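Given only the sequences and the hints, what does the whole structure look like? Please build it.
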Amino acid sequence: MSSDSLRGLLGRPVTMRTDGGSAAFMRKVWAVAAKDVRAELRAKEVASTMIVFGLLAVVIFGLAFDLRVPKSSMVVPGILWVIVLFAGVLGLHRSFGAEVDRDTLAGLLLAPVEPSAIYFGKLASNLLYLFLLELFVLPVMLVMFDTNLFQFHILLGLSLGTLGYAEVGTFFAALTANSRARESMLPVLLLPVMVPVFMAGVSLTAGILDGRPVSGLVSWLVILAVFDTIFFVAAYWIVDLIWDGI
Amino acid sequence: MASENGSAETIVRVHNVAQRYGRKPVLRDVSFQVNAGEVAALLGANGAGKTTLLRILAGLDNPERGEVWLGNVPLAAAGHEIRRYVGLVSHRPLVYDNLNGLENLRFFARMYDLVEPEPRIEAVLTAMDLWRRRYDPVRTYSRGMIQRLAIGRSILHDPPVLLLDEPDTGLDQESVAVLTDLIAQLRQGGRAVLVTTHNWERAERWADRVYHLVDGTIEDGDEVLKQR
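Note that the protein sequences, when read in sequence, are chains A and B.
Convert by adding 774 to the 1-based position in the first sequence; the result is the number in my numbering.
Convert by adding 54 to the 1-based position in the second sequence; the result is the number in my numbering.
Simulated from the structure, these hints should not be mistaken for lab results.
Take the hints with a grain of salt, since some may be wrong.
Distance condition first, Cα-Cα at most 25 Å in a straight line; then the derived SDA-like pairs of lysine to any residue [what the hints assert, rightly or not]:
(1) B/Lys78 / A/Ala951
(2) A/Lys818 / A/Ser933
(3) A/Lys818 / B/Lys78
(4) A/Lys818 / B/Arg146
(5) A/Lys818 / B/Arg187
(6) A/Lys845 / A/Gln925
(7) A/Lys818 / B/Asn152
(8) B/Lys78 / A/Arg954
Treat the numbers as computed from the prediction; the structure is a model and nothing was measured.
Structural data, given as structure tokens:
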């Protein structure tokens, strides 16, 4: 440290924006998400773990069901959604867990930022990791099970389900971040809440693969969209209220 | 910073603050104040409650009882905007070891809504003697460098209240001398500084007023210093 440069430092006025509003909120959401992604690009400890787990799970399921089911499309919907849920848990608990382990969460909380902005920043980075997972898993499933999941309504349902999963998962990850048993608590809390998403996602995927008309499957898409909307709004309000307890 | 009648304005006021962890009381009716342009030192042994008190002042923990005021604003009723006025150097550096020094300060500049942050970041990194290492990941920094980055993070937004929890940890003699200079300049600039330390000599050198935290209660450290 140098005394001369210190004098110059303290003599300069510092201006902070205090306008608030949605633009300021979004700037902070973006800052948190960008920071998480940048740190992940260096550390490779969240997305890469999820992807490797997901790919291994596809191979293991492929070997387990090989020659034992008459049609692979009978098991593919369940396998896809189980992999997304289980691989997702691995990453979700690190989103706040890493901040707690390194005590950087305190640094975030010292800043003049709404807890919901931190939440949505984490949600954005978790969503990105989950989509990356699916980007790797779907082609491998195509090869392993000879089942094409790259169909518009399957991808739409998967995207809606992933959004809902990231919303709820990020929320519970924040809630359990300070718990010593967060690795086990997160799935115990999270997976029961995800039952509607799991059921809707599996039913929609199975219906499309079975060649049923889309008009009969729209209700599953509606369930996923309603789930996403409810948790998006609820998280926005609840996170700020309960943050002291986190 | 002085009030109209010439007396220094009280920036930090702690009144009957109590805190416990489980059944163990950590702070018992702690009361003190720090004025603008004043440096107060909080001395105490390990486990005396210094860090707990600083976390409460920074708004990271809520006291079980009692009140904390920053200026005219009670901390319990203040929103997150009050955090603009506080800087904290904690036991842990509160920086991201996978990011480099520059990225860390850019991130915190965004969180504090700094206008034109780049010149400020450069000035802070230069003052902390980290400008040459700005592109290196923090995990490659020495302990002293990380501590300097933590100090830089705490003064990035130039807060009127600075809480320094054993800021000399890991610093070499030269850096401690500059830290002493920084504390003196913060005082001169009208900031209220509360610094915790185990070191009586440094407390005497740094502070205008010394408080001694013993078993969760505050004693007048100036009296203890006179007796030493």
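Going through the hints against the structure:
1. Among the hinted pairs, B/Lys78 with A/Ala951 is consistent with the structure: their alpha-carbon atoms are about 24 Å apart, no more than 25 Å.
2. With a C-alpha separation of about 23 Å, the suggested pairing of A/Lys818 with A/Ser933 holds against the 25 Å cut-off.
3. For the suggested pair A/Lys818 and B/Lys78, the alpha carbons sit about 41 Å apart, so the restraint of at most 25 Å is broken.
4. Only pairs whose Cα atoms come within 25 Å are accepted, and A/Lys818 paired with B/Arg146 is accepted, the gap being roughly 23 Å.
5. Between A/Lys818 and B/Arg187 the alpha-carbon distance is near 23 Å, which keeps this suggested pair within the 25 Å criterion.
6. Between the alpha carbons of A/Lys845 and A/Gln925 the distance comes to roughly 18 Å, so the proposed pair stays at or under 25 Å and holds.
7. Note on A/Lys818 and B/Asn152: the hinted pairing holds, with a Cα-Cα distance of about 10 Å set against a maximum of 25 Å.
8. For the given pair, B/Lys78 sits about 20 Å from A/Arg954 by alpha-carbon distance, which is consistent with the 25 Å threshold.
Violated hint: 3 only; the structure is consistent with all others.
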